[in-house]
Amino acid sequence: MWKYILKRIGLALITAFIILSLTFILIKMLPPQRMLTGKLGTRTAFYENEVRLGYLYSSAEKLTDDYVDKLTYEDGHTTYYYKTPVLQQYFSWIRNIVTRWDWGSSEVIMPNVDATVIIGERLWTSMKINIFSVIFSVPIGIALGIWAALKKGKMTDTIISTVVMVLISLPGFVLITFLMLLLCYNNAVLPTQWPNPTDPTGKKVLGYILPVFCLSLGSICGYCRFVRAELCEVMESEYLLLARTKGLTRRQAITRHALRNAMVPIFPSILSEFIGILGGSMILEQLYGIPGIGQLFVRSMNSQDYNVLFVDMAIFTTLGLLAGVLLDMSYGIIDPRIRMGAR
Amino acid sequence: MKKTIKWLSVVIALLMVLTVALAACHPDDPTPGPTDSTEPLIELSDYRSYLLSELASLKGRLEGLDSATTAKVTSAYNAGVTAINAGTDTKTVLKAFNDAKAAIAQSIPLANGIYDYTKLTTEQKTDILGLLEGYGVNTGITGMTLYENGGLVMYNPRITLGTENYIPGYGFGVLAEGSITSDLETEDNAAWKRYYHTYNSQDPGTANYWDANDSEIASFYSYIGAGFYTNFMNETKDGYDWVPELAIDETMTPADEGGNGVTSKSWTFRVRKDVKYSTLGKHTEFNDRQIQMEDYLTPFKALLNGANGLFRGEEMANSTGAGTIAGAKAYFEATKSGSTGINETADFSKVGLKIEEKDGDWWFTVTYTEACTAFYARYYISSGMYMPLPKEFLDTVTVENYLGFNSNKTETPVDNSLSLGAYTLERWDSGEQVVYKKNPNYVYASTKYSIPGIHINILEAAKTDEEAGFKEFLAGKIDSSGIPQTKLTEYASDPRTKHTTGDTTLKLNFNALDQDTWNELFGENGTVTQTPAADTWQCEPALSNSHFRNALSYAIDRNTFAAIRGAVSSVSYLSSAYMSDPENNIAYNLTDAHEKAIAGLLDGTDSGGYSLELARDYFRMALDELEASGAYTRGTKENPTVIELEIAWWNTSMETTYHQYIKQYWEDAFNHDSVSGGCYKLNVKFWCSPTGDPNDAYDRIQSGQFDIGFGAIEGNTLDPLSFMQVMSSDPIISTGFTLNWGADTSDPDSELLVYNGLRWSFDALYTVTQTPSQVVNGKLTGESFVGVGDGSFELDGDNVTAVLTVEKQAEVKLEDVDFYLFGYKTADNDDGYEYVEFSVKEFIQGQPVANADGTEVTYTLSIPVTQFAVFDFAPYLKNVGIDLYASFSIEGKLDTTYLSYVDGWNAGLAFGSVSYTTEETTEDVVATFKALGFPEGTLTAANAQLVGYTKEGDGDPTEFTAEATVTVSGPDEKGVYTITVKIAKADYSKLFGGTIDDDDYSGAQGFTVDITIATGWTITFSAAHAFVSAPAAE
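Residue numbers (my numbering), protein chains in the order written: chain A, 1 to 343; chain B, 10001 to 11034.
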């Protein structure tokens, strides 16, 4: 089993490496930034900065027609700026990570600060919201699912299923926009933005309500549908009928047999759901001003702060892949019949 | 029931008939379109009237003519009026008009001579600015302004503004002169309730202005920075004054010896000794520290230390023209490979920044490369970026971390900053808030900035939601916000709303080139860019017609268009923020010169440049003219001639927010049946970059791949005249920022431009306002007052004897002549190379020798070869040369510095000359040369020059390319041709006369290489004195 786990972790890391490499190369193939307007001194400073960052190199001679820009000075000399070959940038990036675990510093978002430090600081904020979201959504979602399954075909089931169907179609960022307008701007019940560190504790607690609720709602609906479907299937199975015919009460049959069996596919999905909402919180973080890695991802992408972007992406990728490994492992833990690595 | 239906059907049918009848009699259709394809679209009498009006306007603009010229102009004008009235059709009337314009132009003498308009009075410069703008309006190179970015802003009633009337370039004086009268209820921190609350859409992550390449960081820094001078609102609250901040005196004193007292390169002023630094960070030892004299130079030493690689330092070093600090570039280059922080060993004495103690006062002296007035001397040095700083503080926090976080974020900008400004950094919570507290040590702490602090909330949502800030304002979280477009109607008249003017004009730029000119500029062998034949842009002929462009301008209802955006309607090239007289707060857009320039755009319109009648008339005029010239053939109502205009925008969202409006204005105006009877159809298309990068749109504009392109114009609002450079069609003058293509601004015949009774080209008149220049027949000559002629170099024992001829105008008097040896050396860390230069003035031998007419001066230098030893980096050895620095005066009036490099020697070092061996002239030889593209004839002279090399990565060149200019004379074809010879790395040995180490070129004493290009023909490249090496160390 350990061999299997190590193999899966190894494969996950290789996959992460390939994903990150491809991402690096593809992103670096984007056209370089240019400053076509402005004074000569400003443009020189801009391009020389790009040279220092390793994105461009300069030449006094025209090497090819494929230059990013050229600057001609009063004394008549011209400097041409060319894009540094992508693979050259790639190997330099890999070398720094492998030899010094140096993922580089931020260039735009927080100049000079290690990209890993920026991510580390923000990761916890995002994690907190997502953990709270899971804490709320799992029991509520499962409970609603069980309730609906037990009341299958009745009014309660119909209402729950209909509401779930409507809410599951509603993206979190749409919901939060609406709720911000309703509860923050129009009625001042909740903070309009994520509270600052200097705000009182009460306000900070209130600040969690909207994002956690908006992130949870989709999960609650998802769990609810999933649990209802699984439980309904189990409850129609023959072994449950057998349990009832053996004299177990309905409650005993459901709690001892139906729920346990229904939970086998549900528990692993909690892990994947966690990763899913981590990614889904990007826009939500931006709208509510939450200083998390989702917001950071969007900003680093837009501002071309590549070092931060790649660390952020590495976090998302690694978490996703490791969650997959954990997911597989959890099957074996929840259901002993499933043996990992067995041939 | 059936009966009812029957009656209803009848009623409906009648209503339909009535509707059709009413539609057919639409009152908005006063003039039916032409029915005859030969009939002009506009009545000939109307056409004559418009052209006569234009001719009268043109004549009215001519000022400063002497009586003789005035008489000639009047005569030409009268003849023109007669001819226009006599014209029988569009073609003859138009010809008469153009002939009259040409005759008037010919009546006015062209500018000839050396001109220096740099020291004209403000009024005179404003007049020139107006003329240049008028030229741009007439030729279309100003583009078409839509609006300027002013708008409506709301303030919390608890804020008392410094003034209720917005002051361009200054604002409402919220912080400096304003106050806060009550607490902000939504603020939970009791200490911050009276702080001014605002927001920013993102956290810049640093306040390090030194290394900032955008204005956002500068604005975060501005609260803690202090400059030598600053602005405060004037007493009448309608403008602002310049006041000393770290300086003591309001005025600066010219420090040039023998200067004229008005303009000077060097300026000196007293600076404060009594100020103290403030910080709320961990480096408390610097809090309340008294300023030291050397602190004033620390920021400059840090900025100009090339090793620090600071953005603003690089910008300062490479800036050109007015405001450039003398010696900055040399210091920057010399320190590139040195230590970071403050370079203790580098010689700062040659940089034009000094501070000294005299009579108990500290005097700061700044020297610029060009002379300027006191106002501009003060303006150039006033930035808070130059706030003094203790070197010890910089050593403690390091330049890298100054005003920012350290690499592991254990220190914040609060820790790494000191303040002499109005506020001190109090908190910096990444991505959440930045807070400033009033600095009690600030110079004006007791009289200005009564607001106790500033709280900036980071509102990321504002990036995607343009109403986010406004919602925060309405929720009482911030003290001010612009009003979003969707809320304008609701809040425009709210008592909290204030009006602002803008600093940027947003406009449409034209490609008014004809196809031939486009090909010259942008074709396969274009002079601006080179475009593959397949990508040739098909120019829309209509855009080169000035009446067509006028029609487009008149058709836009700017007042409505701007009001929708809460912006300010404008037809002006520059925004309201531009000051023609900044010392007296006179905005250029309020001057007579400007009003004259844009009169043609506003006369007869709704005050915003909109007139549907004029638009349609000008459109008709344009189409008639274009038909007459054969550019278009009139279509029919069923099959109209389509004029297609594509507008290049920045991103997809602009299709709904901008394009649809413009499209509707134009198509509604010109596709109406009354305009051309449906024979022409204007089709306006949308384009934007798939990436949404505005640079992509600019790229298209600058490479001629557009009909019309959207752009924004903003620049130095205190020097609008210098900004006019961007209108030039010469990329050197416009620094590559030409956005409107059409008129050849180097040609005085492109449009009548008259100043001081003389006719000029745009480039010539603009340039003489910036630097003394020579003008011949209204054109810039492009020649320097001082140039370097032939140079010969000879290795003579341990010295290189350089004989250099300096060519100059006879009127030019050379002073302070200095020669600098320049070249490239291997960087100290053996990684790459660096540029070095140093004076070799001490090696000038004897007195310079002038020729008889004083147009040449020859200097002889004997430079020890040891001086060359530093230049050890190949392949840049070829760039070893001599720069000439000199002050010179023309007719005793001018005083400036000129820089040139010795062109001749540059070539001489690499490939000195080329000679030909023509032992026999055979048919084969002739055939060979013909095959190479040379015509039959005699080769008489040639010079060779290294023009480039090919290299891979950071390695050495793999191939050199040399070009020789060959003058051919002969019976059939004459001319100057260029032959290109490539020398592969394998042939290096030929270059250096022997085998040498690939990495060491320093030992080469010279070379000769023979390249046989055909039987019997040999071209010999030789360089006798290249790569002089240092004598071996003993």
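Think of the hints as simulated: they come from the structure by calculation, not from any bench.
None of the values given here were measured: they were computed from a predicted structure.
A couple of the hints might just be wrong.
[What the hints assert, rightly or not] Below, in silico cross-link-like pairs of lysine to aspartate or glutamate (DMTMM-like), each with a Cα-Cα straight-line distance of 20 Å or less:
id, chain 1, residue 1, chain 2, residue 2
1, B, 10637, B, 10673
2, B, 10358, B, 10514
3, A, 83, B, 10693
4, A, 203, B, 10250
5, A, 28, B, 10696
6, A, 203, B, 10185
7, A, 39, B, 10188
8, B, 10119, B, 10256
9, A, 203, B, 10429
10, B, 10072, B, 10856
11, A, 204, B, 10188
12, A, 39, B, 10503
13, A, 70, B, 10696
14, A, 28, B, 10256
Results for each hint:
| no. | hint | result |
| --- | --- | --- |
| 1 | 10637(B) <-> 10673(B) | holds, 9 Å |
| 2 | 10358(B) <-> 10514(B) | violated, 65 Å |
| 3 | 83(A) <-> 10693(B) | holds, 18 Å |
| 4 | 203(A) <-> 10250(B) | violated, 50 Å |
| 5 | 28(A) <-> 10696(B) | holds, 18 Å |
| 6 | 203(A) <-> 10185(B) | holds, 14 Å |
| 7 | 39(A) <-> 10188(B) | violated, 45 Å |
| 8 | 10119(B) <-> 10256(B) | holds, 16 Å |
| 9 | 203(A) <-> 10429(B) | holds, 17 Å |
| 10 | 10072(B) <-> 10856(B) | violated, 41 Å |
| 11 | 204(A) <-> 10188(B) | holds, 11 Å |
| 12 | 39(A) <-> 10503(B) | holds, 17 Å |
| 13 | 70(A) <-> 10696(B) | holds, 16 Å |
| 14 | 28(A) <-> 10256(B) | violated, 52 Å |
Of the hints listed earlier, those the structure fails to meet are numbers 2, 4, 7, 10 and 14, in rising order.
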